[in-house]
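Undergrad: Each chain, letter by letter, is given below.
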Amino acid sequence: AQKITQTQPGMFVQEKEAVTLDCTYDTSDPSYGLFWYKQPSSGEMIFLIYQGSYDQQNATEGRYSLNFQKARKSANLVISASQLGDSAMYFCAMRGVPDYKLSFGAGTTVTVRA
Amino acid sequence: NAGVMQNPRHLVRRRGQEARLRCSPMKGHSHVYWYRQLPEEGLKFMVYLQKENIIDESGMPKERFSAEFPKEGPSILRIQQVVRGDSAAYFCASSPSLTGAADTQYFGPGTRLTVL
Numbered sequence: 001a002q003k004i005t006q007t008q009p010g011m012f013v014q015e016k017e018a019v020t021l022d023c024t025y026d027t028s029d030p031s032y033g034l035f036w037y038k039q040p041s042s043g044e045m046i047f048l049i050y051q052g053s054y055d056q057q058n059a060t061e062g063r064y065s066l067n068f069q070k071a072r073k074s075a076n077l078v079i080s081a082s083q084l085g086d087s088a089m090y091f092c093a094m095r096g097v098p099d100y101k102l103s104f105g106a107g108t109t110v111t112v113r114a
Numbered sequence: 001n002a003g004v005m006q007n008p009r010h011l012v013r014r015r016g017q018e019a020r021l022r023c024s025p026m027k028g029h030s031h032v033y034w035y036r037q038l039p040e041e042g043l044k045f046m047v048y049l050q051k052e053n054i055i056d057e058s059g060m061p062k063e064r065f066s067a068e069f070p071k072e073g074p075s076i077l078r079i080q081q082v083v084r085g086d087s088a089a090y091f092c093a094s095s096p097s098l099t100g101a102a103d104t105q106y107f108g109p110g111t112r113l114t115v116l
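Protein sequence lines, in the order shown, are assigned to chains A and B. Heads up: the first sequence begins at 1 in the numbering used here, then just goes up one per residue. Heads up: the second sequence begins at 1 in the numbering used here, then just goes up one per residue.
Source of the hints: derived by calculation from the structure; they are not laboratory data. Since this is a predicted model, take the numbers as computed values, not measurements. Backbone N, C-alpha and C fix where the C-beta goes; we use that ideal spot for every residue, glycine too. Please note: incorrect hints may appear among the correct ones.
Here are some chain B residues pointing at chain A (derived, C-beta under 10 Å) [said to hold, decoys possible]: (1) HIS31; (2) LEU43; (3) SER58; (4) MET60; (5) PHE65; (6) PHE91; (7) GLN105.
Make a model of the complete structure from these sequences and hints.
TA: In structure tokens:
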């Protein structure tokens, strides 16, 4: 079984600053993938970034980067240069291989202040 | 390239009625997943389907819920005799294949079901 823990229910960040969202996971699968999704107030789920358990480098996608520390089983999302449009709920998720189900954390609400 | 389509976006039903939620996967995607999101919670897996096959329905409630993905047309999640506890957002996701952990699931906008 897989478990995702997001311990920060809500965070405030000043516009143009960086913010780090914590995610820890627990799995017995030797190979797995880690994902981050954004859910704005409109409700849709938007894929942001992916990290494979065997990837040597941390994933980056534009202003999003993933701080992957395998030994600590953490996959924190870093949003740089925050924008007002980044205000949303952010979910960390994982799936094992060859599993297909995504297991989600409880989410972290980010509010960007002008 | 159209994304995952879901309809309706909002659905209101009275207790005891049936709810039908539709999902059209992204073009080229043959795998469909349904998830449910209760208020203030993360998404929970319900069912995984390929064309004409239910692969895993381990997350589906044992009664009243069913899903299909016919050869032609959208995937349907059907809830019979809805109760207030069924009120939630139902998300459909699709992916092209199962080549590995990198196989990203792309989500539709969700259907928000309200049971009165």
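Undergrad: Would you check whether PHE91(B) satisfies its interface hint, that is, whether its CB is within less than 10 Å of any CB in chain A?
TA: At 6 Å from the nearest chain A Cβ, PHE91(B) passes the 10 Å test, so the hint holds.
Undergrad: Grab the minimum C-beta distance from LEU43(B) to chain A and call the hint holds if it beats 10 Å, violated otherwise.
TA: holds, 5 Å
Undergrad: Could you check if GLN105(B) really has its C-beta closer than 10 Å to a C-beta on chain A?
TA: holds, 6 Å
Undergrad: Would the stated hint for SER58(B) survive a check requiring a Cβ distance to chain A of less than 10 Å?
TA: holds, 8 Å
Undergrad: Can you verify the interface hint for MET60(B): is its Cβ closer than 10 Å to any Cβ in chain A?
TA: violated, 12 Å
Undergrad: Does HIS31(B) meet its interface restraint, that is, does its C-beta lie within less than 10 Å of any C-beta in chain A?
TA: holds, 7 Å
Undergrad: For the hint on PHE65(B), just tell me whether its beta-carbon gets within less than 10 Å of chain A.
TA: Nearest chain A Cβ about 16 Å off; hint violated.
Violated hints for the displayed structure, listed by number in ascending order: 4 and 5.
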